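Q: So the protein lines, in turn, are chains Y and E. Be aware that the first sequence starts at 15, since it is given in the working numbering, and climbs by one per residue. Be aware that the second sequence starts at 6, since it is given in the working numbering, and climbs by one per residue.
Careful, some of the hints might be misleading.
The calculated SDA-like cross-link candidates involving lysine to any residue, where the alpha carbons are at most 20 Å apart (straight line), are [unchecked claim]: (1) E:Lys-79 <-> E:Ser-123; (2) E:Lys-131 <-> Y:Val-119; (3) E:Lys-69 <-> Y:Ala-79; (4) Y:Lys-153 <-> E:Glu-103; (5) Y:Lys-228 <-> Y:Pro-242; (6) Y:Lys-170 <-> Y:Tyr-48; (7) E:Lys-131 <-> Y:Tyr-48; (8) Y:Lys-169 <-> Y:Glu-81; (9) Y:Lys-169 <-> Y:Gly-127; (10) E:Lys-70 <-> Y:Pro-74; (11) Y:Lys-18 <-> Y:Lys-169; (12) E:Lys-46 <-> E:Gly-102; (13) E:Lys-205 <-> Y:Gly-127; (14) E:Lys-70 <-> Y:Lys-18; (15) E:Lys-142 <-> Y:Ile-197; (16) E:Lys-131 <-> Y:Gln-198; (17) E:Lys-83 <-> E:Lys-69; (18) E:Lys-101 <-> Y:Val-119; (19) E:Lys-69 <-> Y:Leu-155; (20) E:Lys-15 <-> E:Asn-148.
Honestly, the hints are just simulated from the structure, not real lab data. Source: prediction; values computed, not measured.
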Amino acid sequence: MESKKIIAKNIALMLKDGDVVNLGVGIPTLVSQYIPEGVTVLLHGENGCLGQNTLISLPPEEMEAWESQNGGGDGDWSLGHRDLINASCEYITLIPGGCCFDSSVAFAMARGGHLDATILGALQVDAEGNLANWTIPGKRLTGMGGAMDLVNGAKKVIIAMEHCSKNNEFKVLTKCSMPLTAIQCVNVIVTELCILECKSGRLIVKAMAPGLKKEELESKTEAKLVFPDIIPEMEISDL
Amino acid sequence: MLSKVTTPQKALSTVKTNDTIMIGGFTLWGCPLNLLQELAKTRVRGLTAISEDTGYANIFFYPKKAVRFLFDNKQISKICVSYIGANPLINELIQKGELDYELIPQGTLAERIRAGGSGIGGFYTKTGVGTIVEEGKEIKVINGQRYLLEMPLRANSSLIKAYMADHMGNAVFKYSALNFNALMAMAADNVILEVEKVVKNGEINPELVQLPGVFVDHVVSF
């Protein structure tokens with residue numbers, strides 16, 4: 015859990031006031047908890063809303079009553095409504111100034127370059143910026159959902175993932191081996207060990223976890239890394 | 006002026022065996038669940054269902070609301086979706102070879118439906134370039150970048166849901182329940198709209214209509 019928090023916090027610090035951002039499921043959803051005070055990020059849901067405020071979490075046994083009290087003409091965007099969800103199908107409220115739209119508009123925002131960032135998880139990323147995050151051959155079929163669209167056109171694609179898999183396999187590779195979500199789309203990779211910038215087929219180390227040695231990072235990364243002379247430390251306080 | 010308000014049974018009698026249907030909604034939200042439950046009582050078989058996902062049949066997350074009968078009765082023989090998710094029922098049917106499927110990226114799905122409903126003969130998109138989605142599709146280089154040709158989608162019928170509609174079929178949606186619904190209304194020969202509330206003509210301010218009634222054939226409430 016600690017590594018997920020480190021990843022989320024370091025991504026949150028990259029966001030600027032007014033940024034329009036799509037957060038994928040998994041570690042990316044944690045990012046919203048670490049957005050600094052005074053910074054308002056407009057959260058985009060590809061199901062058709064912009065400006066997510068809070069999540070409405072209720073015990074399952076209270077859900078049905080809540081839905082019947084906050085449906086149709088009752089309930090609203092500031093308090094929650096049974097027709098107001100994010101793309102993870104959680105009930106949400108909107109910030110004042112939030113808005114709703116249809117699915118073609120939601121994806122026009124993504125492909126048309128109107129998102130400042132798309133933040134999503136990954137199974138594999140490679141030095142060319144290729145991304146694999148939608149299916150594992152031989153595992154249960156899920157479908158790509160909006161992932162392939164969301165990474166095409168966003169001004170910045172930020173990958174939030176743990177540096178190696180649970181079985182300690184490389185995830186930052188020379189070449190992805192799993193089915194791709196998109197080619198040459200990744201700009202930044204944030205793991206619990208480092209922040210990598212993906213530029214012209216090279217992975218440049220922009221920050222490293224405090225105390226981590228260069229050799230240790232290289233041993234956990236299949237792809238070749240470029241180490242500049244000065245590498246700042248990642249933020250790991252106040253998680 | 007003729008009213009489009011009718012009974013679910015009459016409206017659904019227009020859906021025939023082997024038809025292609027579109028089903029509105031993002032999982033259960035904005036999904037015409039009452040219409041689907043009614044459809045499950047009919048003898049219509051061999052449907053191809055185009056929808057964002059198969060959330061309407063997910064008995065594990067939504068046991069009370071799910072409409073799995075459509076699959077149990079083999080009424081749907083093919084799905085065209087962007088997301089199956091953790092839906093074990095659908096996975097099981099696909100593995101047994103009892104359900105055909107096509108996966109379409111969600112934004113491409115929305116745009117193909119929009120194209121189908123707007124008389125657009127296809128469009129080029131970067132979504133899917135270099136992935137399995139590219140297979141068999143025309144590639145065109147535009148301003149130095151590769152794009153895929155995607156074709157319009159249409160259906161015999163669309164089953165969609167709104168919050169309210171008047172007798173002309175002009176409809177208003179609540180928040181994120183709009184999703185694919187208005188798009189799908191444009192892309193089918195026959196459109197059945199489920200609403201929570203039917204109002205008199207003139208009760209909806211014309212400037213607030215999200216789906217003009219011209220795209221709707223039948224309005225039903227339960």
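Q: Does each hint hold? Answer for all of them.
A: Results of checking the hints against the structure:
1. E:Lys-79 <-> E:Ser-123: Since the Cα atoms of Lys-79 (chain E) and Ser-123 (chain E) sit roughly 32 Å apart, the hinted pair is violated (cutoff 20 Å).
2. E:Lys-131 <-> Y:Val-119: holds, 16 Å
3. E:Lys-69 <-> Y:Ala-79: Since the Cα atoms of Lys-69 (chain E) and Ala-79 (chain Y) sit roughly 14 Å apart, the hinted pair holds (cutoff 20 Å).
4. Y:Lys-153 <-> E:Glu-103: The hint holds at about 19 Å.
5. Y:Lys-228 <-> Y:Pro-242: holds, 11 Å
6. Y:Lys-170 <-> Y:Tyr-48: Given that 20 Å is the threshold and the Cα spacing comes to 19 Å, the pair holds.
7. E:Lys-131 <-> Y:Tyr-48: Violated, at about 32 Å.
8. Y:Lys-169 <-> Y:Glu-81: Since the Cα atoms of Lys-169 (chain Y) and Glu-81 (chain Y) sit roughly 37 Å apart, the hinted pair is violated (cutoff 20 Å).
9. Y:Lys-169 <-> Y:Gly-127: holds, 6 Å
10. E:Lys-70 <-> Y:Pro-74: holds, 15 Å
11. Y:Lys-18 <-> Y:Lys-169: violated, 24 Å
12. E:Lys-46 <-> E:Gly-102: Violated. Lys-46 (chain E) to Gly-102 (chain E) sits at ~24 Å, over the 20 Å cutoff.
13. E:Lys-205 <-> Y:Gly-127: violated, 41 Å
14. E:Lys-70 <-> Y:Lys-18: Distance ~34 Å between Lys-70 (chain E) and Lys-18 (chain Y) Cα, so the pair is violated.
15. E:Lys-142 <-> Y:Ile-197: The given pair, whose Cα atoms are some 17 Å apart, holds under the 20 Å limit.
16. E:Lys-131 <-> Y:Gln-198: Measuring from Cα to Cα gives roughly 12 Å; hence the hint holds.
17. E:Lys-83 <-> E:Lys-69: violated, 24 Å
18. E:Lys-101 <-> Y:Val-119: violated, 37 Å
19. E:Lys-69 <-> Y:Leu-155: At roughly 24 Å apart (the allowed maximum being 20 Å), Leu-155 (chain Y) and Lys-69 (chain E) break the hint.
20. E:Lys-15 <-> E:Asn-148: violated, 51 Å
Checked against the numbered hints above, the structure breaks hints 1, 7, 8, 11, 12, 13, 14, 17, 18, 19 and 20 and satisfies the rest.
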